[in-house]
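*Asks:* Working from the sequences, and respecting the hints, build out all of it.
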Amino acid sequence: MAKEKAVIRTDMSRFRWTLLEMKKNKVAYLMIAPFFILFTLFTIVPVVLSFLLSFTNFNLLEWPDFVLLDNYIRLFLDDDVFITAIKNTLMFATVTGPGSYLLSMLLAWFINELRPRIRSIVTLLFYAPSISGNVYLIWTIFFSGDEYGLVNAWGMKLGLLSEPVLWFQDEKYIFVLCCCVALWTSLGTSFLTFIAGFQTVDTSLYEAGAVDGVKNRWQELYYITLPTMRPQMMLGAILAITGAFGFGGVITALVGFPSPNYVAHTIMHHLDDFGGMRFEMGYASAIATLLFLMMIGCNMLVTKILRKIGT
Amino acid sequence: MNKILEKIKVAYRRYDTNRVHFKRSVNRSAGGDVGIYIMLALVATVMVLPMIYAICQSLKPLDEIFVFPPKFFVINPSFENFRELFRTMSESWVPFSRYVFNTILISVVGTMGNVLLSSYAAYAIAKIKFPGRETLFGIVRMSLMFNATVTGISNFLIMSALGWVDTYMAVIVPAFCTSFGLYLMKQFMETSVNDSVLESARLEGASENKIFWKIAMPMVKPAWATLILFAFKDLWNSGANLYIYSEQLKTLNYAISQLVTAGIERSGVSAASTVIMMIVPILVFIVSQNNVIQTMSSAGMKD
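Listed in order, the protein sequences are those of chains A and B. Residues in the first sequence are numbered from 888 upward in steps of one, following the numbering used here. Residues in the second sequence are numbered from 19 upward in steps of one, following the numbering used here.
None of these hints come from the bench; they were simulated from the model. Worth double-checking, as some hints may not be accurate.
[Claimed, not checked] Restricting the straight-line Cα-Cα distance to at most 30 Å, the calculated cross-link-like pairs of lysine-lysine (DSS-like) are:
| id | chain 1 | residue 1 | chain 2 | residue 2 |
| --- | --- | --- | --- | --- |
| 1 | B | Lys320 | A | Lys1195 |
| 2 | B | Lys147 | B | Lys228 |
| 3 | B | Lys147 | A | Lys1191 |
| 4 | B | Lys147 | A | Lys913 |
*Replies:* Below you can see the structure in the form of structure tokens.
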């Protein structure tokens, strides 16, 4: 490789130069091939496929026929449950997305004040709920509908409740409880990212800041820490948003499917309903495409705003 | 008495010097410190109580579960629920060991494939200047913005076209190519693998594959540890799968979730199963924690 003649890019057309570079780096393409072949197959093709299928009527048995925008028209004009699902998804996302983001950030900042040994123990305590599988099901025992549930028993003993409440079946409480459980399990990867981010800030900046008149920890956070960890904040935001929109499995496990009067029916549930149970693949693909656009759009918007704030 | 006082004084002095040594910033008021500790203690209590409750519930013998009013803590801990769990599981139609085998197979093979494929691709993207690498990485970064919910339905069609429905392949192979794995590995390679070392190895005629194994991979150990944690916890916790019908191919998490019924009389057994399932990922995290934090510090998204 070292003996190869040096080539200057301006000597040739851009196309030829690219071709030459590609030839020279053949091995790189071999190295990325396994990953990207699978990635194309299981991530890119499905997105494109569901986009295409969303314009068809497909039931897995017959060849799909094009119906143009019928699926979308049906979704918005003829499917009240879908409108409920959009509303619920947006509500869950607006509570759990920013909620988990701010909670992760604030706790990571607090934890950063602790000494390393204690810090790693507290990190473990906060992170554990998000990696412990379906440990969140313990909430259903905690809020159990009969008088053996702790909340009901104590509430009745203290005179707050006159009879046991079916917490996870009562429309009044489902939303709040699901948000609580979601926030409880939400100190995940973005939380770790923030902890790491706080540790990467150069400590000499703090001393310099103190000299320059930074008076307290809030000013320090605002003027020094946050601007330096903007990359971590961006990644954290993306993870939080994607998590907030994709949050449906927890609801199914806690409340069951379908939820009473569709109060906790999210787009994900609607998708499962039509794709996994009724096999209306065209219709389900339209739902998936809309969910995809919502996730991407929201992420783009938020990262754009974050980028502005830093500068 | 004096001796004890003396000991306390020494211990306090040691604590105090350590504290001053640790204190890294000037802008700290004592009141703020106390406020933060109280906040942390409160939040930590809320976070930990359900976990402790799960553990207590799993150790409660049947008569304590039926005590009224219910108690939070366990009085006479026993392993009755765990024994009961193993008894029920061994009586199930598919042997318990099969579920354990499935989960371990899926978790281990999936995680290994994920680390290997992501590292290869990340090395090439981070360290070899080939045309198209920016575009490819851009696509991967973009795909962090949506999740598998969106692709589930069409993936079913792809799985059936490949003939993988109801095989291990349908679960294991998609786990090989997580975009977050590639993203983390590439970011870490970029910051912690030194270009000049690679350059001199290239000049000496080492093949890229050899450089990857001998130089790059040993340098990114923290990133492997992190990828192992993330891939493992997802696979270990994977439950019901859209593409798997056969009972013999289902995972431990799925089998256990079948036990979890709403009834209070089963809550001890279901808590026991939860405790067993959560121990493994938590142990993996304890072992890898320092590496994970190190990796995540390079994981930020630059524009």
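*Asks:* Quick check: which numbered hints come out false for this structure?
*Replies:* Hints that this structure does not satisfy do not exist here, as all of them hold.
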